[in-house]
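*Asks:* Sequence:
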Amino acid sequence: MAEVTVGELSHDRTFFGDIRQYGDAPALRSANGDLTFAELADAAERMAAGWGPGRHLVMISCTNTVETIVAQVAALAHGHVAILLPPDPALAGRISETYGPDVMIADGETILRESEPEPLHPDLALLLVTSGSTGSTKLVRLSHRNLRANSQAIIDYLAITADDRAITSLPVHYSYGFSVVASHLEAGASLVVTDHSVADPCFWELAGEQQVTSFAGVPYTFDLIDRGGFHDHLPDSLRYVTQAGGHLLPAKVVAWSARGRADGFDFFVMYGQTEATARMAYLPPGAAASAPDAIGQAVPGGRFRLDPVPESAEPGVGELVFIGDNVMMGYAETPADLAAAAGPGELRTGDLARVGSDGFYRWVGRRNRIAKAFGLRIDLDHLEEELVEAGIAAAIVELDHGLTVFAISGDDVLGEVARATGLPRHAIQVRTMSELPMTPSGKVDYGRLRQLAGEPVAQGKGPRRRSSEEAVRHAFELVLHRADAKPTDSFTSLSGDSLSYVELSVRLADLDVDTAPGWQHLTIAELATTARPRRAWASLDSTIVLRAAAILLIVLSHAGVVRVTGGAHVLLAVAGYNFARFQLGRADRATLWRSRWRSFAQVMAPCLLWIVAM
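Going by our numbering, the first residue of the sequence shown is number 1022, and it counts up by one from there.
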């Protein structure tokens, strides 16, 4: 690569520095015309010259436009450090405040700031937001060496040539989208630049007119294509399609692989992270039918290993660690980090994986997506896949109380999750949404879902604050396991007993329902109209207090702390009182006997069986 001088700094640490060699070949194609490689190099040189002498920290708010790509080339080809951001003014403000860039580009305007420049490591080339959240000021530090290694690996295994023509189907600030730009321009291939979504017919019209040979997508991309029925719009010129940015269900891998074989294109499943300059593994297209659950093999120049982890006792499963020249220099969280040296060149991905007899690696789940509830270990990613197979589209997060399921389609979501996990229904909260929140890179925004899960269910507004009737009915459903509960039902009519009385009264209190004596005889609709202000001291049912005191005395006696007898007798008295209160008061003889048998089955039968066994 030719040596480039920026101010007094002389080095060969640049990227895109050789694109002028492709001359008059088209580099960027758009609705406004074509830009050759020579013209692209000239435009980038003029832009960089306008920033003045020295090496700059250049913040670019990216859109899928020719202007953004020219700015990216200008920064990287002339030895500057680029920060690529989505077009989010709030995030740009936080990044600017944290790192103090001296060049800021947004909406076609360039702002130069006179400030004391932060020291920059000579190898540092690119700063990207982490894939987990676009709201964080934590950045991934990538070097020129990282960019070259990643682009060359992609060019090699996709066999990209100057005859290829990709389309910007992903945001160019996103590591995967930027890697498409980088690998194609480095190979002398051209890019069709558009900000249309794959769900827009205009996107496919343009792809057909420009005879694109490839497009890239995340799982959400293929969901949009499937949902919109755009399969017939795929251009005949397609040579390959790539997928990364999340785990694609094996059934979809098989379907897209078969579509590719029928239509004459290859379907590449890939695996990567921003921290590895986008890509670490790929599955050869010929293996998609036989290994649709695999992420494949390491990209050229890289290798994997599996390290054991305490989260999984499953044989052969460990944390996936990648070693290669495309592994980041490290993270930046403060300006001082921009001058820090590179890390060890290996990446602990945080993903659990195994390797099969075919030599392909298979993703098992995320270490931080293993929920622990009621003594059970639950892989949330696999649970989501099980729900898809059951016809339920949902995303799941864990909070202290258990799981919150955000469902956009499907029947009996609560029952299906309970059956799949073994969790009690009251540990599962189901919320319905028309669409899941997504990050700008097309991934489910689990950070936003965790925020929503921690917020109370919105209550209706009116002249008087009232608990949602549906929220009260849902509490009845969870505690009494009665999905058929209606607004006209009450605790007693639904055959509630003393075991569920305590839990339901606590849940109703959390909903600000007035659980004054006799609440168990009120209907769900009537309970929903009761409201009471939150008080520091809330009234408790006397039997709950007696039950707690009796249990405490029994435990203390068995522990040898005190010697107080009679705790068991108090429990028996409370049980008898509650039996009379909940069961004997029913006028309907048939209902009364059904309730008695239910209590017998729940309490007396297990006790008698245990006594006989002992």
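Some clues are possibly wrong.
In silico lysine to aspartate or glutamate, EDC-like type, Cα no more than 20 Å apart, as pairs [said to hold, decoys possible]: (1) K1159 - D1109; (2) K1159 - D1177; (3) K1273 - E1230; (4) K1464 - D1244; (5) K1507 - E1547; (6) K1507 - D1433; (7) K1464 - D1518; (8) K1464 - E1547; (9) K1159 - E1354; (10) K1273 - D1284; (11) K1273 - E1407; (12) K1273 - D1402; (13) K1464 - D1144; (14) K1159 - E1130; (15) K1507 - D1432; (16) K1464 - D1535; (17) K1273 - D1287; (18) K1273 - D1253; (19) K1159 - D1184; (20) K1273 - D1314; (21) K1464 - D1402; (22) K1464 - D1109; (23) K1464 - D1505; (24) K1464 - D1221; (25) K1273 - E1139; (26) K1159 - D1466; (27) K1159 - D1144; (28) K1159 - E1118; (29) K1464 - D1400; (30) K1464 - D1216; (31) K1273 - E1354; (32) K1273 - D1247; (33) K1507 - E1491; (34) K1159 - D1284.
Label pairs and their computed distance ranges (CB to CB) [what the hints assert, rightly or not]: (35) S1218 - E1118: 51 to 57 Å; (36) D1505 - E1230: 52 to 58 Å; (37) D1533 - S1218: 30 to 36 Å; (38) T1158 - T1550: 28 to 34 Å; (39) A1570 - T1158: 41 to 47 Å; (40) L1573 - N1389: 21 to 27 Å.
No lab work stands behind these hints: they were computed from the structure.
Keep in mind the model is a prediction, meaning the values are calculated, not measured.
Glycine included, every Cβ here is placed at the ideal spot set by N, Cα and C.
*Asks:* Now look at each hint and say whether the structure bears it out.
*Replies:* Taking the hints in turn, this is what the structure says about them:
1. K1159 - D1109: holds, 15 Å
2. K1159 - D1177: Outside the cut-off at roughly 31 Å; violated.
3. K1273 - E1230: Measuring from Cα to Cα gives roughly 27 Å; hence the hint is violated.
4. K1464 - D1244: Given that 20 Å is the threshold and the Cα spacing comes to 12 Å, the pair holds.
5. K1507 - E1547: holds, 12 Å
6. K1507 - D1433: holds, 16 Å
7. K1464 - D1518: violated, 45 Å
8. K1464 - E1547: Between K1464 and E1547 the Cα gap is close to 43 Å, so the pair fails against 20 Å, i.e. violated.
9. K1159 - E1354: holds, 5 Å
10. K1273 - D1284: Holds, at roughly 16 Å.
11. K1273 - E1407: Between K1273 and E1407 the Cα gap is close to 14 Å, so the pair holds against 20 Å.
12. K1273 - D1402: Cα-Cα ~16 Å, so holds.
13. K1464 - D1144: Not satisfied, since the Cα-Cα distance of roughly 30 Å exceeds 20 Å.
14. K1159 - E1130: It is violated: about 25 Å lies between the C-alpha atoms, which goes past 20 Å.
15. K1507 - D1432: holds, 18 Å
16. K1464 - D1535: Violated - the C-alpha atoms of D1535 and K1464 are around 42 Å apart, more than 20 Å.
17. K1273 - D1287: holds, 14 Å
18. K1273 - D1253: holds, 17 Å
19. K1159 - D1184: violated, 38 Å
20. K1273 - D1314: holds, 10 Å
21. K1464 - D1402: holds, 13 Å
22. K1464 - D1109: holds, 17 Å
23. K1464 - D1505: Given that 20 Å is the threshold and the Cα spacing comes to 36 Å, the pair is violated.
24. K1464 - D1221: Given that 20 Å is the threshold and the Cα spacing comes to 19 Å, the pair holds.
25. K1273 - E1139: With Cα atoms ~47 Å apart, K1273 and E1139 exceed 20 Å; violated.
26. K1159 - D1466: holds, 17 Å
27. K1159 - D1144: holds, 19 Å
28. K1159 - E1118: The given pair, whose Cα atoms are some 13 Å apart, holds under the 20 Å limit.
29. K1464 - D1400: Holds, because 18 Å separates the two Cα atoms, which is no more than 20 Å.
30. K1464 - D1216: With Cα atoms ~18 Å apart, K1464 and D1216 stay inside 20 Å; holds.
31. K1273 - E1354: violated, 38 Å
32. K1273 - D1247: holds, 10 Å
33. K1507 - E1491: holds, 10 Å
34. K1159 - D1284: It is violated: about 42 Å lies between the C-alpha atoms, which goes past 20 Å.
35. S1218 - E1118: 51 to 57 Å: violated, 31 Å
36. D1505 - E1230: 52 to 58 Å: holds, 56 Å
37. D1533 - S1218: 30 to 36 Å: violated, 43 Å
38. T1158 - T1550: 28 to 34 Å: Between T1158 and T1550, where Cβ atoms are some 47 Å apart, the hint is violated.
39. A1570 - T1158: 41 to 47 Å: violated, 52 Å
40. L1573 - N1389: 21 to 27 Å: violated, 38 Å
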